Each structure stands twice: as C-alpha cells, then as structure tokens.
Amino acid sequence: MSPNTPAIAVRGLVKKYAKAKTNAVDGVSFNVSRGEIFGLLGPNGAGKTTTIGVLTTAIVPTEGSASIMSVDVTRDPISVKQRIAVVPQQSNLDRSLKVREILTFHAAYHGVPRKTREALADKLLNELGLGERKNEKVNRYSGGMAQRLMIARALMHEPDVLFLDEPTNNLDPQSRLFLWERIREMNARGLTILLTTHDMDEADKLCQRIAVMDHGKILVDDTPAELKKLIPGGTVLEVRAYTAAAGDGVRDAVSGALNAIPGVAKVEMVDEKDSNAEAGALSFRVYAEAANALIGPAAQAVLTAGAEVRDLSVKQPSLEEVFIFLTGRHLR
Amino acid sequence: MSDVSSTKVILDGTHTERGHSRSFLAFNAFFAILRRDIRVTGREFVPFLLQALMQPLFFLFIFGKVLPGIGLAAGNFATLMLPGIVALTGMIAAMQGVTLPLVLDLGFAREIDDRLLSPLPVWWVALEKVIFGAIRGVIASSVIFPLGWVILGGGFVVRDDRILVLIGMVLLTGCVGSTIGLLMGTVIKPDQISLMFTLIFTPLLFTGCTYYPWGALRNIRWFQVLTLFNPLTYAAEGLRYSMVPPIGGHNFPTLGIGWILLLLGVSVVTMFVLGTRTFMSRVVT
Numbered sequence: 001m002s003p004n005t006p007a008i009a010v011r012g013l014v015k016k017y018a019k020a021k022t023n024a025v026d027g028v029s030f031n032v033s034r035g036e037i038f039g040l041l042g043p044n045g046a047g048k049t050t051t052i053g054v055l056t057t058a059i060v061p062t063e064g065s066a067s068i069m070s071v072d073v074t075r076d077p078i079s080v081k082q083r084i085a086v087v088p089q090q091s092n093l094d095r096s097l098k099v100r101e102i103l104t105f106h107a108a109y110h111g112v113p114r115k116t117r118e119a120l121a122d123k124l125l126n127e128l129g130l131g132e133r134k135n136e137k138v139n140r141y142s143g144g145m146a147q148r149l150m151i152a153r154a155l156m157h158e159p160d161v162l163f164l165d166e167p168t169n170n171l172d173p174q175s176r177l178f179l180w181e182r183i184r185e186m187n188a189r190g191l192t193i194l195l196t197t198h199d200m201d202e203a204d205k206l207c208q209r210i211a212v213m214d215h216g217k218i219l220v221d222d223t224p225a226e227l228k229k230l231i232p233g234g235t236v237l238e239v240r241a242y243t244a245a246a247g248d249g250v251r252d253a254v255s256g257a258l259n260a261i262p263g264v265a266k267v268e269m270v271d272e273k274d275s276n277a278e279a280g281a282l283s284f285r286v287y288a289e290a291a292n293a294l295i296g297p298a299a300q301a302v303l304t305a306g307a308e309v310r311d312l313s314v315k316q317p318s319l320e321e322v323f324i325f326l327t328g329r330h331l332r
Numbered sequence: 001m002s003d004v005s006s007t008k009v010i011l012d013g014t015h016t017e018r019g020h021s022r023s024f025l026a027f028n029a030f031f032a033i034l035r036r037d038i039r040v041t042g043r044e045f046v047p048f049l050l051q052a053l054m055q056p057l058f059f060l061f062i063f064g065k066v067l068p069g070i071g072l073a074a075g076n077f078a079t080l081m082l083p084g085i086v087a088l089t090g091m092i093a094a095m096q097g098v099t100l101p102l103v104l105d106l107g108f109a110r111e112i113d114d115r116l117l118s119p120l121p122v123w124w125v126a127l128e129k130v131i132f133g134a135i136r137g138v139i140a141s142s143v144i145f146p147l148g149w150v151i152l153g154g155g156f157v158v159r160d161d162r163i164l165v166l167i168g169m170v171l172l173t174g175c176v177g178s179t180i181g182l183l184m185g186t187v188i189k190p191d192q193i194s195l196m197f198t199l200i201f202t203p204l205l206f207t208g209c210t211y212y213p214w215g216a217l218r219n220i221r222w223f224q225v226l227t228l229f230n231p232l233t234y235a236a237e238g239l240r241y242s243m244v245p246p247i248g249g250h251n252f253p254t255l256g257i258g259w260i261l262l263l264l265g266v267s268v269v270t271m272f273v274l275g276t277r278t279f280m281s282r283v284v285t
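Taken in order, these protein sequences are the chains called D and Y. The numbering of the first sequence is our numbering, which starts it at 1 and goes up by one. The numbering of the second sequence is our numbering, which starts it at 1 and goes up by one.
A few of these clues could be false.
Stretch-level coverage of chain D by chain Y, calculated; a stretch enters the list once three of its residues show a Cβ under 8 Å from a Cβ in chain Y [claimed, not checked]:
| no. | segment |
| --- | --- |
| 1 | 50-58 |
| 2 | 103-115 |
To give a feel for the contact side, a few chain D residues facing chain Y, derived at Cβ under 7 Å [as the list claims (entries may be wrong)]:
| no. | residue |
| --- | --- |
| 3 | Ser96 |
| 4 | His198 |
| 5 | Met200 |
Since the hints were derived computationally from the structure, they do not count as laboratory data. If you're wondering where the values come from, they're calculated on a predicted model, not measured in any experiment. Using N, Cα and C, we set each Cβ at its ideal position, and we do this for glycine too.
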C-alpha cells in the first residue's frame with residue numbers, strides 16, 4: 001500500500017433506508033488524506049451520521065463504495081474495525097466495568113497483548129487526567145470525564161483513523177480547550193481524524209479541510225480559508241458613523257458615497273432597531289475583496305457625506321456565515 | 001438475514017495488514033468478550049445466585065417439604081417436581097442473562113457498540129451472548145442439586161444411571177433459555193419490558209410441566225397438547241427422564257427422550273437463527 005493512498009476514500013456513496021422516500025446519502029464522494037483533520041459539517045439530517053455509519057461498518061451502503069486505508073468497508077469489515085476508532089456523541093461506556101477495565105477490555109477485544117494494554121491504559125489515563133479515579137465505575141463521571149475516557153478507549157488499539165462525532169458538544173470551556181489540544185496532539189502523532197461538529201469555531205480551529213453536507217450531498221469540500229472566500233466580496237468593513245441631522249438624508253448620502261468607492265461589492269445598511277441605539281447613529285457593512293484597503297476611502301466618504309466617523313473595523317467572514325450562506329436559514 | 005450476509009465478508013486465515021489472521025482476531029475478540037461477561041457476573045456472583053435461586057428455594061421448601069408434611073401433596077411430589085425446578089431455574093437464569101442486557105443495550109445504553117466495533121463478525125456478538133447465557137443457566141441449574149439435597153433431606157432422590165443424559169439435559173436447557181432470551185432481547189423495546197415479561201414469562205412458567213409431569217395431564221387433553229408448544233416442557237420432561245428413579249421396577253413415564261432431544265435441538269436452532277436475524281437488523285442497517 002502506497003503511503004499516498006487516502007486514509008478515507010468514499011466513491012458515489014448512496015444510502016436509502018428501507019422506508020424512506022429520499023436517499024439519506026445521495027451520491028457522496030470525498031477523500032481524507034493521511035494525517036489530516038477533516039471536518040464533516042451540515043445541519044441535522046444532512047447525512048453526516050449515515051456517512052460515518054458506513055465508514056464504521058454499522059451501515060451497509062445501497063450504492064457506491066468506501067474504504068479505510070485502502071480496505072473496503074463492506075468486504076472486509078474485520079480489518080476496517082482493526083484500523084478505526086469511534087468516539088460517539090453520547091457515552092456508550094461499559095458501566096459494568098471499572099474505568100481502567102474499560103480500556104484494558106477494549107484493547108483485549110482488539111487483540112492487544114496483556115502487558116502492552118495494561119501499560120498503555122495507565123499511560124493514557126494519566127495523560128487525560130483520569131489517573132486518580134481509574135478504579136471507579138463511570139456512573140460517577142462527569143460528561144467531560146466520560147468524553148476523555150472515550151477518547152482514551154479509542155486510542156487503546158492504536159487506530160489509524162479516528163471518528164469524532166461532535167466531540168465537545170455539552171462540554172465546559174475548560175474541557176473543550178483540553179480536548180482541542182489532545183486532538184491536535186493525536187493528529188501530530190499521525191492519526192487521521194474525521195470530526196463532525198455544529199461548532200463552527202471548533203471546525204475552523206481544528207480542521208485542515210471541511211466538507212459541508214446538506215440533503216445527502218456534499219456542497220463544498222475545501223480548506224476553511226478557501227471556504228470563507230465563497231462569501232460574495234470576501235471580506236467586510238464595518239462602518240459606524242453619527243449625524244445630528246434628522247431624517248434619512250445623511251444616511252442615504254453616506255450609503256451612496258460608500259457604494260461609489262472603487263472595489264466595493266455591496267453596501268448593507270444595518271438597522272439600529274434595538275432600543276440602546278443612540279439617535280443619529282448609522283451603521284453599514286461594506287463587502288469588498290480587500291476591505292482593509294477601504295479604511296481611508298470609507299472614512300473620507302463618511303465625512304464628505306456630512307457625518308462623523310465613530311468606528312471602522314475589518315471583519316473576516318466567519319465559517320458560520322459560510323455555513324448559513326450554503327445551507328440557508330430555515331430550521332430542520 | 002439482512003443484506004449483510006449476502007455480501008461475502010472476509011473471514012479467513014489470510015493476514016490483515018497488521019499481521020494477524022482475521023480468524024485469529026475474531027476468535028480472540030470472541031473470548032475477550034466472553035471473559036468480560038464472566039468478569040462482570042463473577043463480581044456480582046452472590047446477587048446473581050440470589051436472583052436465580054430465591055424462587056426455587058421457596059418452591060422446594062413449600063411444595064417439597066411443607067405441603068407433603070401437612071398431607072396436601074403426595075410424598076413423592078418433591079421427587080417429580082425437583083427436575084422441573086432444575087429446568088425452570090436454568091432456563092430463567094439463562095434468559096435473564098441475555099434478555100435484559102440486550103433490551104437496554106439495543107434500546108439506548110449502546111454499551112454493546114464497543115463490542116460490535118471489535119474485529120469479529122457482528123453475529124458472533126449474539127453468539128457470545130447465547131453461550132454466556134447458557135453458562136449462567138448451567139450454573140443455576142447445578143446449584144439446585146445441593147440446595148434440594150439440603151431442603152428436601154430424605155425426599156431428595158435422583159437416579160444415578162442416566163448421569164450423561166442429565167448433564168446433556170442441563171446443558172441443553174441452558175441453551176434453550178439463552179436462545180429464547182436472545183430473540184426476546186432483540187424484539188422487545190425498552191418501554192415494553194415489564195409488559196412483555198408478564199406476557200411471556202408467566203405463561204412460560206405455568207405451561208412448562210415444571211410442577212407436574214406431562215403424562216399426568218391426560219385427563220385435560222387440550223392443556224396437555226398446549227404444553228407441547230412450550231420448550232420448557234421438553235426440558236422438564238427430559239430432566240425427569242434422567243433424574244426420577246424407577247418406581248416399583250418401572251421407569252417413570254415421560255415424553256420419549258428422542259423426541260425431547262430432537263425438539264429441544266430444533267428450538268435452540270430456530271430461536272438462534274431468528275434471534276440473530278433480528279439482532280443483525282438492529283445493529284447493522
């Protein structure tokens with residue numbers, strides 16, 4: 001096997017559930033390179049869980065194929081299971097076992113020799129800050145501890161590919177930061193990671209590549225930086241100004257002047273409807289390829305139109321804006 | 001079976017790229033999972049015994065000692081009932097070891113996921129449950145013998161010339177219980193547990209010829225026929241065949257041992273196939 005073959009390869013994947021009218025996954029193809037952190041994003045019901053189900057051998061595809069480290073998931077699930085680990089959203093820890101046993105039994109299921117698994121369990125428990133409570137049962141564990149324990153369990157058989165399903169959902173900020181560090185560390189040691197999340201900030205910080213799914217299809221698949229360029233105009237300059245004059249005259253003049261600046265794609269007037277807004281305050285969002293080049297001309301435009309400049313700031317569009325741009329605002 | 005079995009899954013002696021053969025990995029995972037169940041039950045061995053033995057203990061005492069003692073039951077009633085108690089206890093212990101954990105696991109706890117993701121064919125996880133349940137059943141059945149000896153005293157009579165049949169019957173009874181447990185555990189939804197236990201356990205308990213020999217039912221023919229649909233009937237009759245000593249030079253009349261073994265075998269295979277099918281459809285979609 002060449003080291004250049006992808007860690008995960010999905011080709012024309014279709015899954016139709018027995019009683020469903022539409023395909024849960026509808027012709028999905030993507031690759032995840034070795035050593036990559038790949039984010040699979042999408043609204044609820046987009047088909048992420050089904051896709052992961054196929055990759056983790058729990059769901060049989062209707063059409064298409066998927067392979068992990070060049071091993072086909074439907075033809076050779078035993079070899080696939082040896083290479084993957086799954087950290088689910090909700091705890092599925094074995095509550096009849098003690099914490100340390102959860103790790104050692106998991107490794108035993110995977111054929112890790114006794115001495116190796118005992119040593120590895122202790123090492124991981126210490127690394128994940130669970131060393132002092134290793135002889136308890138998990139009933140008394142907090143959500144954050146359970147999450148860490150599931151990660152430790154996943155690492156016990158030294159998988160090549162790790163699936164993390166909304167890993168930091170419901171965690172406190174401390175646990176979240178801790179997990180992010182661990183995820184980066186595991187990745188640095190060569191582990192390929194596929195993660196799903198609704199936290200766009202998390203996806204942006206962790207993922208080297210992101211695919212956005214909706215209605216069973218992949219809409220885009222690129223780096224976070226490239227995805228942000230999908231927003232029309234690319235960057236945003238927020239302009240706050242003030243005028244003592246009554247009426248909409250000055251506001252329209254400022255808007256017109258901003259629009260006239262070369263390179264501006266679009267000017268949006270922001271309605272200051274909330275009660276805290278000072279009378280006479282004006283606010284605009286100016287979309288442009290390079291908003292930072294507009295700071296001078298924009299200030300000039302505001303002054304020329306007869307208003308005072310209060311604040312100018314350049315904003316990068318967030319991944320959240322990209323996500324909403326791609327998948328729309330309606331609830332699922 | 002679902003579409004899984006139609007795809008030919010590789011399970012052979014060829015090595016995975018990580019060095020072990022798939023069959024080695026699968027057997028290793030199977031025994032590790034079995035060891036897990038034994039460890040967990042071993043840790044709760046006393047509660048397990050109490051759960052399995054409380055009912056038979058009182059049955060033996062009331063029906064084997066008290067009723068004959070006050071003249072409400074014939075003296076040899078205990079001898080005829082003891083095999084029934086052995087069958088019932090083994091079957092229930094085996095079923096309980098499989099059904100309840102499966103209902104909870106497949107319903108919401110999903111603790112079984114870790115085992116399903118182990119490198120073995122998914123249906124082996126169901127097979128492991130069945131074998132583990134059968135072990136529980138055999139242990140529970142076996143403990144009835146010393147218990148009966150203590151409680152019944154002189155009323156404890158077991159023939160010793162059919163010991164191999166007896167051992168076979170105890171093993172088979174455990175398998176019958178655990179395969180029924182597998183089917184129940186995969187069919188019942190968590191919110192139906194208490195209803196289903198009442199609807200299934202109670203009839204099973206009372207139509208299984210545990211407290212009466214099958215032959216004695218000939219005056220209530222329809223009921224005698226009905227009991228033939230309960231696997232427990234065959235387990236109890238088979239144990240009577242191997243345990244009840246001859247009376248006045250005649251062997252105690254039971255259902256034919258050939259039929260008993262055949263029908264118990266059929267029950268084990270049928271329940272296992274049906275149970276594994278529903279199990280697969282619950283864990284692989």
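Tested hints:
{"no.": "1", "hint": "50-58", "result": "holds (count 4)"}
{"no.": "2", "hint": "103-115", "result": "holds (count 6)"}
{"no.": "3", "hint": "Ser96", "result": "4 Å, holds"}
{"no.": "4", "hint": "His198", "result": "21 Å, violated"}
{"no.": "5", "hint": "Met200", "result": "28 Å, violated"}
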